[in-house]
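Protein chains: 2
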Amino acid sequence: MKVKLEDVAKAAGVSPTTVSRVLNNRGYISELTKKKVEDAIEELDYYPNDVARSLFKKRTNFIGLIVPTVSNPFFGELSLYIENICSSLGYKIILCNSSGQFEKEKAYSTMLIRHQVDGILVCSYNRGIDTYKYPKLPIVAIDHYLAPTIPVVGSDNYMGGKLAVQHLIDRGCLSIIHINGPLELETPTQYRRKAYEDLVDNPVTYELQFDEEDIVLSIRKILLERPETDGIFASDDLMAAACLQVARELNIQVPEQLKVIGYDGTKTTRSLLPQLTTIKQPIEEIAKTSVKKLMDMIDNSELSGPYETVLPVQLLINETT
Amino acid sequence: MKVKLEDVAKAAGVSPTTVSRVLNNRGYISELTKKKVEDAIEELDYYPNDVARSLFKKRTNFIGLIVPTVSNPFFGELSLYIENICSSLGYKIILCNSSGQFEKEKAYSTMLIRHQVDGILVCSYNRGIDTYKYPKLPIVAIDHYLAPTIPVVGSDNYMGGKLAVQHLIDRGCLSIIHINGPLELETPTQYRRKAYEDLVDNPVTYELQFDEEDIVLSIRKILLERPETDGIFASDDLMAAACLQVARELNIQVPEQLKVIGYDGTKTTRSLLPQLTTIKQPIEEIAKTSVKKLMDMIDNSELSGPYETVLPVQLLINETT
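Residue numbers (my numbering), protein chains in the order written: chain A, 110 to 430; chain B, 110 to 430.
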């Protein structure tokens, strides 16, 4: 049998109202009474019902987190930091993997609102989801522009692209290509592409779908068709890894014949592929800043500080360039 | 202003009780009335309060998921599958990263019980957490033995260790070492170690802490002190990657002078380090089986089927052996 509040009251020799007061830290309670109640809670192994409490307090202490997929090293690391920070502030994370699909993301955002979350952090690929207009619901977008009213926290994608491409140029590359995901409006990787196109004379960008086997096949086709390629700026580390794999298969020497630079620089990439030159995103800072902004909005019901926060990135030079 | 149930009732020209019946699918409602209510919900952009509903139904549709860290490729991929499966069944995931710390895991499990989760999935490193004894709370442990009453789903760790070590022996290795995490009782990696110790004449196992820089330093020390080593069975892919990194630094040729095999075989590892020979765990099957078992316990209040489920692993032979 579950232990109830009434059982605690009985064991402590006080009224249920007194137990409730102790739990909610409301009204005057003597230290002695408080101690008696706390001892009874400990003794009986009582767990207050936080669902009932949240209904009463109109605060659930739930934060919704929508990511494309937590199995991607970047979103995995970001989710870890976000969850840890929220946990230290007394908030719980409801994890949603949208797979980048509009319908899934819409269903998740509806579910989060119905569950009375105090706020949502979105790393989304989808604009135009109506639920994000829900009145007064604090939302912070990470690295994506969702709507004019939703603040954005991210890193400096244009600078990242510039650092990457300039590094390839400095290393002597004459025929640099850029490999990116599907072209969508206003996703941050498009700023990386913009930097590439601004720096290179005859830019050639390939848009690949996010599917591992296809990526390897597509890159093989690209390198066979364009043997003069001596530099690749990949828009994430997984794509860069696929370039290295294809180069090995085709006996193209890296970095002598081909230089490859990735993007993200997660701990996982740095462990599994330490030889990769990459642009490191400040993932922990992105997590801290976006949670702080969301907490400000939850506490003050409106946005203070800048609408957009752009954090610095870092070039990590290793063996592939 | 938030739209309320009463607003929907007014717009639909019915009583609040009728709206509530439609939402909860209770009692007789004519198709016409149902349509009127649904239209009003759509029109007014009404979101039912699922917190209040869950209090009434004594079901929250929340599942707690405790992992050491979602940023590890294995737990990231496992969390993705678990969340996707739960979501398709109408359940939401509360994500908890325990960092393998007893106190954190205890706090998380208490929080989950207070929030009335319908069940918990634990990939834990800690035994003896009292909250796991909470009456009638369905719990399934993934790949860890938590308590005699808590069912376990995992893969065949002894077979995995055997496949790995036998493969190194078959490839001609004469001096095989094993690199594992800290020795703890009854964690599954200890079965991998057991298989190694059963197959090798003079087994040498090194226990490393889970910290990247330390791992690389420790492995360098091991390889310098033990130059006769020609085979390494690492208990996960990240450790195997660190071995490859050190081998490169020390100019030890892989696989000619040293053969390395890892463990886990996640999608991320296979993308970033496709040349690694490894033991692939059936991560999606582990997710499916553990969720199914938990759902059985939630629906039937008791365990049906076996107490322990052991799923098969697979040897993936690549370039490092």
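Be aware that a few hints might be false.
Which copy is meant is left open, so a pair is good if it fits within one copy or across any two.
[To be verified] Distance condition first, Cα-Cα at most 27 Å in a straight line; then the derived BS3-like pairs of lysine-lysine:
#1 Lys166 with Lys111
#2 Lys213 with Lys245
#3 Lys167 with Lys113
#4 Lys389 with Lys119
#5 Lys303 with Lys245
#6 Lys113 with Lys397
#7 Lys330 with Lys144
#8 Lys119 with Lys376
#9 Lys401 with Lys145
#10 Lys397 with Lys330
#11 Lys389 with Lys242
#12 Lys245 with Lys389
#13 Lys401 with Lys119
#14 Lys113 with Lys143
#15 Lys145 with Lys330
#16 Lys303 with Lys167
#17 Lys401 with Lys245
#18 Lys397 with Lys143
#19 Lys376 with Lys330
#20 Lys119 with Lys242
#21 Lys113 with Lys330
#22 Lys144 with Lys401
#23 Lys330 with Lys213
#24 Lys166 with Lys213
#25 Lys215 with Lys401
#26 Lys242 with Lys330
#27 Lys111 with Lys401
#28 Lys119 with Lys143
For the record, the hints were derived by calculation from the structure and aren't laboratory data.
Can you tell me if Lys242 and Lys330 fall within 27 Å by alpha carbon in one copy, between copies, both or neither? neither (43 Å within a copy, 57 Å between copies)
Please work out whether the CA atoms of Lys213 and Lys245 approach to 27 Å or closer within one copy, between two copies, in both situations, or in neither? within (23 Å within a copy, 33 Å between copies)
From the Cα coordinates, with 27 Å as the cut-off, is the pair Lys166 and Lys213 best called within, between, both, or neither? Classified as between; 25 Å across copies, 30 Å inside a copy.
I want to check one pair: Lys389 and Lys242. Are their C-alpha atoms no more than 27 Å apart within a copy, between two copies, both, or neither? neither (33 Å within a copy, 44 Å between copies)
Within a copy, between copies, both or neither: where do Lys303 and Lys245 come within 27 Å Cα-Cα? neither (34 Å within a copy, 57 Å between copies)
I want to check one pair: Lys303 and Lys167. Are their C-alpha atoms no more than 27 Å apart within a copy, between two copies, both, or neither? For Lys303 and Lys167, the Cα distance exceeds 27 Å both inside one copy (45 Å) and across copies (53 Å).
At most 27 Å between C-alpha atoms: does Lys245 with Lys389 qualify within a copy, between copies, both, or neither? neither (34 Å within a copy, 46 Å between copies)
Using 27 Å as the alpha-carbon threshold, which applies to Lys119 and Lys242: within, between, both, or neither? Classified as between: cross-chain Cα gap 23 Å, same-chain 48 Å, threshold 27 Å.
With identical chains, the pair Lys119 and Lys376 could be close in the same copy or across copies; at 27 Å between alpha carbons, which is it: within, between, both, or neither? neither (53 Å within a copy, 55 Å between copies)
Under a CA distance limit of 27 Å, which applies to Lys397 and Lys143: within one copy, between copies, both, or neither? Neither: 36 Å inside a chain and 46 Å across chains, both beyond 27 Å.
Please sort Lys330 with Lys213 into within, between, both or neither, judging by C-alpha distance up to 27 Å. Neither: 33 Å inside a copy, 49 Å across copies.
Cα distance capped at 27 Å. Does Lys215 pair with Lys401 within a copy, between copies, both, or neither? Result: close both inside a copy and across copies, 25 Å intra and 26 Å inter.
When the structure is compared with the earlier hints, violations turn up for hints 4, 5, 6, 7, 8, 9, 10, 11, 12, 13, 15, 16, 18, 21, 22, 23 and 26 and for no others.
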